[in-house]
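Peer 1: Dock chain B against the given chain A, drawing on the hints supplied.
These protein sequences, in sequence, are chains A and B. Positions 4 to 80 (my numbering) are the ones given, in order, by the first sequence. Positions 909 to 1040 (my numbering) are the ones given, in order, by the second sequence.
Careful: at least some of the hints might be erroneous.
Said to hold, decoys possible - In silico SDA-like links for lysine to any residue, alpha-carbon gap of 20 Å or less:
#1 A:K66 with A:Y13
#2 A:K14 with B:D1007
#3 B:K933 with A:A49
#4 B:K916 with B:F1032
#5 A:K52 with B:L961
#6 B:K935 with B:N1000
#7 B:K935 with A:E51
#8 A:K52 with B:I937
#9 B:K933 with B:D1007
#10 B:K941 with A:N23
#11 A:K56 with B:G934
#12 B:K1002 with B:L1028
#13 A:K56 with A:V36
#14 A:K66 with B:F919
#15 A:K57 with B:G962
#16 B:K982 with B:T949
#17 B:K959 with A:K10
#18 A:K52 with B:G962
If you're looking for bench data, these hints aren't it; they were derived computationally from the structure. The model shown is predicted, which means the values in this text are computed figures rather than measured ones.
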Amino acid sequence: MNIEEIKRIYKDEWILGEVNLSDELNRPVDVEVIMHSKNRDEVYDALEKIRDKKHLCTFYTGKIPEKGYAVAFYGKG
Amino acid sequence: MQWLSMVKVNFDVNQPVIVLDVAIKGKVIENAKMALDTGATYIMIPWKIAKVLGLEPEVAKERIDMTTASGVEKVPLMNLESVSVLGKTAHNVKAIIHDLPQRSYVDGLLELSFLRNFNLHLNFGEGYLELE
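Looking at chain A on its own, in the form it has when it is part of the complex (with noise of 0.2 Å):
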């Protein structure tokens, strides 16, 4: 499935995909969805589960940032 594909069909969504195909960028084209969550680390736990793959994909199919939102990043105290 193309990433356009994903983004339309799991919307607001993290995926962990499968990389079938990158393009000359190394960036995914064609990826097999293993997993579609709207919690991150749901599918951060499903990642370490993986064994048998050898080529994985982890993004975020919403606008980053929100709207309405800026961004700083920070460490968790």
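Peer 2: Here is chain B on its own, set in the frame of chain A:
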């Protein structure tokens, strides 16, 4: 020589962050989304991506102080076998292992430990980024 070639991509200058696709090679290849940040030292990747790459951050030999808005904390500092962005690859790239807040909507941060291997040009007037 490939590393002298230049890659140019457009970005939306109105977006609050520039997000790039980053392919990290370890035990597997993991494509993650990272926010471009030229203001800090090391690439930042989350714990669970580190684990799937075959790293063991919980027993990392090297830990460094990470200064944040909320204080200073010790975080694992580890070597990534290779990191590729826009077709450009750097080897043995140092990364800190730390989870960003979920609402950052990116997996990590792309920092100087990768960027200093290349020349990076950001043209906000015309909305493009070049890496050579």
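Peer 1: Indicate, hint by hint, whether the structure satisfies it.
Peer 2: Comparing the hints with the structure gives:
For the proposed pair K66 (chain A) and Y13 (chain A), the alpha carbon gap of about 13 Å is at most 20 Å, so the pair holds. Distance check on the hinted pair: K14 (chain A) and D1007 (chain B) sit about 23 Å apart at the alpha-carbon level, beyond 20 Å; violated. A hinted pair counts as satisfied when its Cα atoms are at most 20 Å apart, and K933 (chain B) with A49 (chain A) qualifies at roughly 19 Å. Restraint check for K916 (chain B) and F1032 (chain B): satisfied, since their Cα atoms lie roughly 13 Å apart, inside the 20 Å limit.
About 12 Å separates the Cα atoms of K52 (chain A) and L961 (chain B), which keeps this hinted pair within 20 Å; it holds. Under the criterion of a C-alpha separation no larger than 20 Å, the hint pairing K935 (chain B) with N1000 (chain B) is consistent with the structure, at around 14 Å. Between the alpha carbons of K935 (chain B) and E51 (chain A) the distance comes to roughly 12 Å, so the proposed pair stays at or under 20 Å and holds. Distance hint between K52 (chain A) and I937 (chain B) is fulfilled; the C-alpha atoms sit about 15 Å from each other, no more than 20 Å.
Taking the CA atoms of K933 (chain B) and D1007 (chain B), the gap is near 19 Å; set against the 20 Å cutoff, the hint holds. In summary, the hint linking K941 (chain B) to N23 (chain A) is supported, as the alpha carbons are separated by about 17 Å, within the 20 Å threshold. Straight-line distance between C-alpha atoms of K56 (chain A) and G934 (chain B) comes to about 12 Å, which keeps the hinted pair within the 20 Å bound. For the hint linking K1002 (chain B) to L1028 (chain B), the alpha-carbon distance of about 18 Å falls within 20 Å, and the restraint holds.
Under the criterion of a C-alpha separation no larger than 20 Å, the hint pairing K56 (chain A) with V36 (chain A) is consistent with the structure, at around 12 Å. At most 20 Å may separate the alpha-carbon atoms for a hinted pair to count; K66 (chain A) and F919 (chain B) meet this at roughly 14 Å. Between K57 (chain A) and G962 (chain B), the direct Cα distance comes to roughly 12 Å. Compliance with the 20 Å bound is thereby established for this hinted pair. Simply put, K982 (chain B) and T949 (chain B) have alpha-carbon atoms about 15 Å apart, close enough for the 20 Å limit, and the pair holds.
Pair hint K959 (chain B) plus K10 (chain A) does not hold up; C-alpha atoms about 26 Å apart against a cutoff of 20 Å. Proposed proximity of K52 (chain A) and G962 (chain B) is supported: the alpha carbons are some 12 Å apart, at most 20 Å.
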